[in-house]
Amino acid sequence: MESMIFDMAERLFRDHVSHGLREDAAAGQCPEALWTRIEEAGLHMALVPEEAGGFGVPAAEALGLVRIAGAHGLPLPLAETLIANAVLARAGLALSGGRLTIAEGEVLQLERRGGAVHARGHLTLVPFARWADRIVTIAALDGADHVLSLPVKDLTVTPAQDLAGMPRDDVAVDLDLPGANAAALPGSMGGMRGLGALVRSLATAGAMETILKMSVEYANDRVQFGRPIGKFQAIQQYLATMAGETAASRTAAEMAADSYDTAAFALTVAAAKSSAGEAAETVGALAHQVHGAIGYTQEHALHHFTKRIWSWRDEFGTELDWTQELGRAALSSPHDTFWHFITDSTAQGATA
Amino acid sequence: MTLTAFPSPPPGADYDDLRQEVRAFLAEELADFPPEKRAESWNGFSRDFSRKLAQRGWVGMTFPKEYGGHARSALERYVVSEELLAAGAPVISHWIADRQSGPLILAKGTEDQKRAIVPRIAAGELCFCIGMSEPDSGSDLAATRTVATEVEGGFRVNGTKVWTTYAHVADYMILFCRTGKSDDRHGGMSQFLIDLKATENIQISPIIDLGGEHHFNQVVFDNTFLPSDALLGEQGEGWSQVMSELAFERSGPERFLSSFALIEELIRLLRKDATEAQQAEIGRLSAHLMVLRQMSRSVAGMLNEGKNPALQAAIVKDLGALYEQDIPRLARSLLSRPAVPGGRDSYAAVLAYTELAVPSFSLRGGTREILRGIIARGLGLR
Ligand SMILES: Cc1cc2nc3c(=O)[nH]c(=O)nc-3n(C[C@H](O)[C@H](O)[C@H](O)COP(=O)(O)OP(=O)(O)OC[C@H]3O[C@@H](n4cnc5c(N)ncnc54)[C@H](O)[C@@H]3O)c2cc1C
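As given, the protein sequences belong to chains A and B, one line each in that order. Mapping to the numbering used here: the first sequence position 126 is 1591, numbers consecutive. Mapping to the numbering used here: the second sequence position 260 is 304, numbers consecutive.
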């Protein structure tokens, strides 16, 4: 994935996402200037197909941006905007620009009122809602998935945050949406939960790579008993365990990204999100063990990453939600054997 | 951080037609093969089965055609391997030769060695064993003591190998031993290709494992004469040759599917009515399987491109062993149903077999601790 867009994002985040910027964001300050740079680079449009105004980057590559953003602890809704724009484009709705976010819309009550769709309900833990122009969500209307584009200015937003201090707001919805802001969602994208789970899995993998890197560097630098702690076998075994978990999560997330918008996605994303959540537990705990007390401070950068991966476990389906879904599918599958279920339903060109 | 990057297998890696052919073959060949035999996984031995498989072109798949192979990709071989393991087919008779000895001979052997041996591996006729471990040299392979001394026309070998899987039936051994002195701990080692059926003064005696089974052996070399042409590769280059085999040895589907028969039994019993907690555990097991398989296929893709993904292979083996070792615990947490060795209830028999098999999974092929040491070094710990 050594593409142009990848390099551009890597450079942009490396130069601009500092510890200070993450601290300020956690204190409630939206990094506006950085967002402007992201828009100027066009990163927010990467998942939009070429015919809808994107620039024709393969989906798996565009989604790779989310992993990089995770690796830098980017405190902005880039992942959310990528998905929102892709979903809007699929439904044929206008791409209005600006910061967008996503929410699981199943809790909303929809009904047709004249030419409009009335939406009512309460969204919780909406990422970055107070920094966003619109919330894009998917909800059922007349038994079919519909995309709604909700202007934040017409909603009631009550601030709340996740463990890392990132906005995860409560949003009360009660409004009429004209046809320009509500349309059927064709194709196999599924609901917002799966798409949200995909980006959280990718971001978790990226953040864990950073956590691992920080831990290896720390183990090489910190000296106790006259040698770097990385010379101690117990520490080496921790770091190797972290590497295995990180590699598995990244593989899982990329497997889901590879099957974005195909029939295999339902299962691969379940595997990705549950693996990411489980790994977050292990990797976070071991990273803090390796870092000792300094890693337990506000001053040290580690917590921005560990708190993010812990928070992301609870969004867009927990490990329990996703493993139950996957287990139900496995146990009720019409395949002769469990093996056939696994191989056939994750193959490229699999039918649901 | 390339160590944590496992590139996706290339598009088309599913080889669905090939997969269906293998499934049809297995459905017929293993129609009466009971779950407790399937539980033996890749430890199951049948020359007959290996030969039939070879007749279909599924042994030595990646070997060049001029040596009886089929010039197919590592990913096609992967499809066949995983289908065999998932079905619990008895594959050990050709497995080691197909996986690592054949590729080693092709890479390092002389033209005569290649012509004499490789076509017979591809025909499913030859069983190979690996002579590395010794009583005082397990994880520390460089501590090997067995020594081959140059004599007129060849070498004389003295020493003892242990844990040599299937040496008692194998046709060939690839022996790792000392051939000279060296200041470098890893120098002065070589590999030999030994025709076990035609070589005198090799004593092979059984070591019975804790399950009461005879899989591995002690092999004693008592002034054993090997002709010069038994040397495999360069004299003194044994260490690097052995290291290059490891990516093949450590990354395949046999590193996470060894308990698969128990998984199938468990799921068969849970299908009718599973609680939500049981569903979640099966989901977790499915998720880990999907991920391990993707990682392992990724390594096959890297091998196919001629890379040496030894570190990624160590990660696959470490995670894979944890996975396959955890299956009996998981089964016991979901079903209250005792293990009975050789029991008539197939779940009970498979559980019993698997419980006794799992301790070896994080020993054979490199212990967990050693693998993690390799991974740690790969991370750049100074
Ligand atoms: C079923 C089975 C089949 C086998 N088949 C073969 C075969 O066909 N051919 C063959 O050559 N060998 C075979 N082996 C042997 C296998 O390769 C060895 O068991 C393995 O390399 C470990 O060596 P060991 O048993 O002597 O244990 P040891 O090396 O003595 O290790 C004992 C314990 O100490 C730990 N330890 C050792 N060194 C370190 C270290 N530096 N740091 C931290 N911990 C350490 C180990 O991880 C382990 O936990 C087989 C083994 C089994 C169980």
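If you are wondering where the hints come from, they were derived from the structure by calculation, not from laboratory data. Values in this document were obtained by computation on a predicted structure and should not be read as measured data. Please note that a few of the clues may not be correct.
[To be verified] Beyond 12 Å from chain B on every Cβ pair, some chain A residues (computed):
1. Gly1562
2. Asp1619
3. Glu1784
[What the hints assert, rightly or not] With a straight-line cut-off of 25 Å between C-alpha atoms, the simulated SDA-like cross-links for lysine to any residue are:
4. B:Lys152 to B:Lys96
5. B:Lys81 to A:Gln1494
6. A:Lys1678 to B:Arg426
7. B:Lys316 to A:His1800
8. A:Lys1696 to B:Lys316
9. A:Lys1696 to B:Gly417
Heads up, the beta-carbon is just placed ideally off N, CA and C, and yes, glycines get one too.
We went through each hint and held it up to the structure:
With a minimum CB-CB distance of about 32 Å to chain B, Gly1562 of chain A clears the 12 Å threshold, and the non-interface call stands. Non-interface status of Asp1619 of chain A relative to chain B is upheld: no Cβ of that chain comes within 12 Å, the nearest being about 39 Å off. With a least beta-carbon separation of about 8 Å from chain B, Glu1784 of chain A fails to lie farther than 12 Å from that chain, contradicting its non-interface assignment. Taking the CA atoms of Lys152 of chain B and Lys96 of chain B, the gap is near 28 Å; set against the 25 Å cutoff, the hint is violated.
Between Lys81 of chain B and Gln1494 of chain A the alpha-carbon distance is near 64 Å, which puts this suggested pair outside the 25 Å criterion. Distance hint between Lys1678 of chain A and Arg426 of chain B is fulfilled; the C-alpha atoms sit about 14 Å from each other, no more than 25 Å. For the hint linking Lys316 of chain B to His1800 of chain A, the alpha-carbon distance of about 14 Å falls within 25 Å, and the restraint holds. Between Lys1696 of chain A and Lys316 of chain B, the direct Cα distance comes to roughly 52 Å. Violation of the 25 Å bound is thereby established for this hinted pair.
Between the alpha carbons of Lys1696 of chain A and Gly417 of chain B the distance comes to roughly 11 Å, so the proposed pair stays at or under 25 Å and holds.
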